[in-house]
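So the protein sequences, as listed, match chains A and B. Note that our numbering gives residue 125 to position 52 of the first sequence, counting from 1, and the numbers run on in steps of one. Note that our numbering gives residue 321 to position 14 of the second sequence, counting from 1, and the numbers run on in steps of one.
Think of the hints as simulated: they come from the structure by calculation, not from any bench. Since the model is a prediction, treat every value here as computed from it, not as a measurement. A hint or two may mislead.
Said to hold, decoys possible - Some chain B residues judged to face chain A by a derived CB distance under 7 angstroms, without partners named:
id: 1; residue: Thr-441
id: 2; residue: Arg-445
id: 3; residue: Ser-446
id: 4; residue: His-450
id: 5; residue: Val-470
id: 6; residue: Thr-504
id: 7; residue: Tyr-505
id: 8; residue: Pro-507
id: 9; residue: Ser-630
id: 10; residue: Lys-634
We put the CB at the ideal spot given by N, CA and C, even for glycine.
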Amino acid sequence: MTDAPKPVGGNGNGPKSAYFLSHADQAIERRTLAVLVDNEPGVLARVVGLFSGRGYNIDSLTVAEVDASQHRSRITIVTQGTAHILEQIEAQLLRIVPVAEVIDITNSKTGIERELALVKVAGTGEKRVEALRIAEIFRAHVIDTTNESFIFEVTGASEKLTQFVDLMRPLGLVEVSRTGVLSIKRGKEKG
Amino acid sequence: MTTKTKAKPASEATAPRMMTGAQIVVEALREQGVSVMFGYPGGAVLPIYDALYGQDAIRHILVRHEQGAGHAAEGYARSTGKCGVALVTSGPGATNMVTPITDALMDSIPMVVITGQVPTHLIGTDAFQECDTTGITRSCAKHNYLVTDVTQLARIIHEAFYVATTGRPGPVVIDIPKDIQFATGPYIGKDGIFKPTYVPQRIPKTDAIKAAAELMTKAWRPLFYTGGGVINSGPRASEKLRELQELTGFPVTSTLMGLGAFPASHPDWLGMLGMHGSFEANNAMHDCDLMICVGARFDDRVTGRIDAFSPKSRKIHIDIDASSINKIVRVDVPVVADCAEALDALITEIKALKRKIPDLSAWRDQIDTWRARRCFTYANSAEVIKPQYAVERLYALTKDRNTYITTEVGQHQMWAAQFYHFEEPNRWMTSGGLGTMGYGLPAAVGVQSAHPDALVIDIAGEASIQMMMQELSTAVQHKLPVKVFILNNEWMGMVRQWQELLHGERYSHSYSESLPDFVMLAKALGGHGIRCDKPEDLDARILEMIDHPGPVLFDCRVERAENCLPMIPSGSAHNQMILGEITGNEVGEAGRKLV
Ligand SMILES: Cc1ncc(C[n+]2csc(CCOP(=O)(O)OP(=O)(O)O)c2C)c(N)n1
Ligand SMILES: [Mg+2]
Chain A
74 MTDAPKPVGG
84 NGNGPKSAYF
94 LSHADQAIER
104 RTLAVLVDNE
114 PGVLARVVGL
124 FSGRGYNIDS
134 LTVAEVDASQ
144 HRSRITIVTQ
154 GTAHILEQIE
164 AQLLRIVPVA
174 EVIDITNSKT
184 GIERELALVK
194 VAGTGEKRVE
204 ALRIAEIFRA
214 HVIDTTNESF
224 IFEVTGASEK
234 LTQFVDLMRP
244 LGLVEVSRTG
254 VLSIKRGKEK
264 G
Chain B
308 MTTKTKAKPA
318 SEATAPRMMT
328 GAQIVVEALR
338 EQGVSVMFGY
348 PGGAVLPIYD
358 ALYGQDAIRH
368 ILVRHEQGAG
378 HAAEGYARST
388 GKCGVALVTS
398 GPGATNMVTP
408 ITDALMDSIP
418 MVVITGQVPT
428 HLIGTDAFQE
438 CDTTGITRSC
448 AKHNYLVTDV
458 TQLARIIHEA
468 FYVATTGRPG
478 PVVIDIPKDI
488 QFATGPYIGK
498 DGIFKPTYVP
508 QRIPKTDAIK
518 AAAELMTKAW
528 RPLFYTGGGV
538 INSGPRASEK
548 LRELQELTGF
558 PVTSTLMGLG
568 AFPASHPDWL
578 GMLGMHGSFE
588 ANNAMHDCDL
598 MICVGARFDD
608 RVTGRIDAFS
618 PKSRKIHIDI
628 DASSINKIVR
638 VDVPVVADCA
648 EALDALITEI
658 KALKRKIPDL
668 SAWRDQIDTW
678 RARRCFTYAN
688 SAEVIKPQYA
698 VERLYALTKD
708 RNTYITTEVG
718 QHQMWAAQFY
728 HFEEPNRWMT
738 SGGLGTMGYG
748 LPAAVGVQSA
758 HPDALVIDIA
768 GEASIQMMMQ
778 ELSTAVQHKL
788 PVKVFILNNE
798 WMGMVRQWQE
808 LLHGERYSHS
818 YSESLPDFVM
828 LAKALGGHGI
838 RCDKPEDLDA
848 RILEMIDHPG
858 PVLFDCRVER
868 AENCLPMIPS
878 GSAHNQMILG
888 EITGNEVGEA
898 GRKLV
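In isolation and in its complexed conformation, chain B is listed as follows (with noise of 0.2 angstroms):
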């Protein structure tokens, strides 16, 4: 390892505390403000596990599965704005990790995660739970690090926060050897700590700005395009976009990683875009004639099929991170700098023109009547819980709270997406670009060790649920008083529902098979289950699951066969959406083979 600190001037340095690697670790934890943190014993972790014992600056929560420390920490991180921390131990403590860590990546999440490592001197011999860990996590992780030397053990760790909390955030991994957990070593504040080869750009460059400024006052049919970036950046980004759009006047739509940036009650509130996005989001990503995309990057379930993708708009691209920009669909005006920043500069710019900004009467005009065809409209039934009236009615019941959604992958996923509606920033918490199911329910335990208070809810699937199914007993010892609410439709919704478009009604295995008692699974493990199959106790039933102090699996009987519409087919275009029905021809040969 090398040395990349910027020395301490010499006045204010004194002698270094010295410490045992393993102390140099909490005492990092503690003073980069970590409070909890996620994680689970093993051998090449004990001297670490150790110096936590007794102390009460950071409180530790013992999942069941490693990954789902993994996910515990984005929940975390993702409802807080700071940066997760999870422990594990070598080998299959590490390779447990690796899907979250990938998922951090995935979706910009700042995530630090410490992982033992067989003694340096056994490294390389297939030693008992060896495993390259640095290797393992190299394309996974934004950035990783194996110690092999205490004394710059604190360093990379305050690195490792600071990688992993600036430009595009993301997941670290420090990979540390048994043998300098208990070696003794200088721990080195976090003051100063500087990498010269990393500096992200923060702020927008003055000609990118006036370009933007520029096109923004000249459109006729504008579109904020918004993402998972205007909330990773903090909540300063969200009252800048708010700002920008009242200036404006501009429609509003988001990814689904986005949502709650910018409120679902407001006027100019287009819903989500995308595959499962509203008819009048997709369209008028479709005719706009300027796009403003903010901290989103083009994804395939938001493009749909890129030759057809908003041909008509001139684009701009805010992103701190280059790569994203005209790495999918050419930009007009790239702008490279954090979205609060790059907001902040275009409202400034924009009331420096002092320009009169088009009439956008005819474009809300069109969007009015694209928003008149209730794209979420479904048929309700007196009989059996529609999934989309059971989160419609989820959201009833619980949005004058202070909630906190999470969710696992599938149709239940994009329901919640659909008819749940968002405020705020940091309270939406779902797999967006991994799309892995499990992530939920621990998800749920990390934002409610940060919120111990809050009302918080995994929006589930019976499929998705099992994944992770174990974590309700962290919450149950913690007193993490989670709520899962389970869409049970006895299917893998989401692969039926493909299986139907693109398969001819073949449900190869997405049939869920001896689904467990949800009720009497959540009493095994030591929480409350309560079942609802008739829409008119539903009510009732989810009061209930609020009222109950401890955690709860709900398991909500839905519809089975019900479709998750609207739908754009992969490869088709954003004004090519199944409304109604699906019919099994809407998807060629070409849109077959995309995921």
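Just chain A, with the same shape it has in the complex (with noise of 0.2 angstroms):
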């Protein structure tokens, strides 16, 4: 959040205060969060402490440490709210003292989002060759296999992934494991 001062007008002649503003814009969305924060005991738990303690929504999160010299770790979390909420999520992460900066990846445009799912299928004849030739067509790997199963894996962006499960359903799907949304940004810098 930054505090840079909206436009305003003079005497009443400008625009209307944006106070009337904060009920016109009640749409869901859909936001990823990088959260970077130093990697102390208890930090994942303020965070996810913060989203159940004022009611905020979490889709998926993904935890690491990435710095170990700087003892910083990254999370990766997804939610949904107003753009009024979404805009004091931010605010509230930054407030946690061991929280060092909050990247809105969904709005920049260099954002890139992934996720990793498992996904094991039983089956044999047909519909064991179905799933193999659709593995094919989402680069999925496969990482074990017996005469009758396979377990895929398939990384990608998360409706691609919930496309692939979709179609593994029919085809004797067994059970599926992701890792949440992971992200960064293109290009050379760093954040």
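With the hints as a guide, bring the two chains together.
And the structure:
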């Protein structure tokens, strides 16, 4: 959140008070946020606790240390809310003492989101062949196989993964494990 | 724990002094300038208590309940602007601190709470008096630490003070396992403590100040809406507020938390705003064309009905906590900064503009018509003491002294806010955000310990006072001559009032049955008891209270069924105040569901 003032007009002739805008925009948006934190004990609990305590949604969450020397971890959170709530989420995250930075991946032109899924499919005959054919189209790797089953490893945007899983369903889908969304920005810059 | 301190330059580096964890605690507190702390011992903090034994740099005030230690630390902090410190044991000691920690978070009070913890190797085993203190306090403290390495202890304590006192202040908890208190480690001084992920923005951005000054020099119906942030920022913020007000001539209102930042005797003072605020303040909020919010947070007790809140105004919001801005109410000019810095920058900018500020006389006239309603008028009585009269007399008889006021929570708190007037910051301590009954007496203990010669009065209710009553014994032990002025209406008056307003006068469990004899109770605890039930005796009895050299419990018997007015019922707009009498039909179905 920045404190750059919004444009305001003079003696009541300019645009209406921003106050009236607060109810205009109630559409629910989905947003991916990368949260860079000091990797200290309890930091994940603080972030998760903020969401549960203030009634915000978490669609997915991933976390791992990304810079051991600087003790930095990166948490990627996919959340939903109105524009106003999403603005609050960012501001509230920044209040947490060990949170260094919050990056809005969704609204960044260079943001990339990826997810990985492990998908177990069991079947024989036609269905087994069809599963393998679709896996190829999705560039999924087979990481385990028996006479009656495969485990596919597939990466990509979340929607692509969901589509893949849906296609496997009639072909003997047994179970799915997904990482949740990871995020990074294109180009040579950091952050 | 990870190291985040900036390394000292080699030239300065000398071999650190080695000491036990317990000694590190005491040494770090001493270096932080702590001269008074509040606490209660137990198994998991015995090494720290041992390190406190026989030293006289830090005065330890032994309370009677850990909650008392927390509120005392809050009172100390609010009356001095310094960080309050409390020390309690593990398990029940820590859980008893949860209320004051939350209270300090809500009201942005700097406080460091040290809790003992079971030894590291027992953590997670459900050991005797083990509780997950950092887990329990994570959402109610600004930050917390579990110390697992004695070499980090000194740094953590200094960092805790830094976090508690900077930015938007708040409570910080340090949980120290007993083995860490015994272990030997290096003492590290407070210089150079720096946390890269925590950098409060104190200085406002120039474009924000320019935009704010632009609006302020063109407004016809401007209003300062100030809050606790002005007090928390330090005395300089109050000075700058007065300076900016003098420069602009704008009227000023304040939240409950901000009382004293602007002098109540000033002709442009409108009184407190909000649910029990003045008619003129609330109407000015509703009708202003420019609202300059300084260190306040648009709390629901202040805004009333949000979609009818100040519909015609542009809004400038100065706050050091960016998340407070646009949280409840959309503003036109957000200014993330320390109040004093922002006010100072505004003064400079407005002076530089050299603009003629619009003539405010029409606005002043309008305000005067609201003032003329004299919204705090009450029907006085020659037979019974009206609670408003009691506070008026208390004010008249104590205002020229060096007085500090604390309160409990309820009608008496609001009457105190309405009828006791403050000229200076840091003189008024009340639990605003959490509304904690039981706050006032321990807070008064904390205030008195910081100002031994001052007159410290807790304006109390007979129900609230029973929540932390035992702290009178603390006051007796430590020779802290606090005065507890109970507006005894025999009811949880505020609850009774809401039941009258919202529940058809069905007074469920709000009568204070089996009240103690407060005069005898005062005696039993080693204090002095006074009772008064006649208006004509009141002055003499108040003077007796003031003159008594020790702690006093004053049982002031007041009108039982008095309502606290004016009032904006929850869910109503600022210009829909109840002024005269409650009829029971003021609040609709939706409003009844609000708190
Ligand atoms: C710890 C706590 N419990 C309950 C409440 C709810 N509450 C608010 S005011 C009040 C009654 C206070 O009665 P009293 O202290 O006699 O004050 P009065 O309103 O009569 O002046 C209650 C129960 C509270 N604020 N704090
Ligand atoms: Mg009462």
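Quiz item: Measuring from the C-beta of His-450(B) to each C-beta in chain A, is the shortest one below 7 angstroms?
Solution: Holds. Min distance 4 angstroms.
Exercise. Would you settle whether the hint for Lys-634(B) is holds or violated, based on the nearest Cβ-Cβ distance to chain A being less than 7 angstroms?
Key: holds (6 angstroms)
Practice problem: Have a go at the Ser-446(B) hint: is there a Cβ in chain A nearer than 7 angstroms to its own Cβ? | Solution: holds (5 angstroms)
Quiz item: Does the CB of Thr-504(B) sit less than 7 angstroms away from some CB of chain A?
Solution: Constraint on Thr-504(B) satisfied, holds at 4 angstroms.
Exercise. For the hint on Thr-441(B), just tell me whether its beta-carbon gets within less than 7 angstroms of chain A.
Key: Hint on Thr-441(B): holds, closest Cβ of chain A at ~6 angstroms, below 7 angstroms.
Self-check item: Restraint check, 7 angstroms cut-off on beta carbons, for Tyr-505(B) near chain A
Solution: Because about 5 angstroms separates Tyr-505(B) from the closest Cβ in chain A, which is inside the 7 angstroms limit, the hint holds.
Quiz item: Holds or violated: is there a CB of chain A closer than 7 angstroms to the CB of Ser-630(B)?
Solution: Holds, because the Cβ-Cβ distance from Ser-630(B) to chain A comes to roughly 4 angstroms (cut-off 7 angstroms).
Practice problem: May I ask you to test the interface hint for Val-470(B) with respect to chain A, counting a Cβ-Cβ separation under 7 angstroms as satisfied? | Solution: This interface hint holds because 6 angstroms falls under the 7 angstroms limit.
Quiz item: Holds or violated: Pro-507(B) as interface residue toward chain A, Cβ cutoff 7 angstroms?
Solution: Pro-507(B) check fails; min Cβ-Cβ to chain A is 10 angstroms, beyond 7 angstroms.
Practice problem: Have a go at the Arg-445(B) hint: is there a Cβ in chain A nearer than 7 angstroms to its own Cβ? | Solution: At 6 angstroms from the nearest chain A Cβ, Arg-445(B) passes the 7 angstroms test, so the hint holds.
Hint compliance for this structure: hint 8 is the single one not met.
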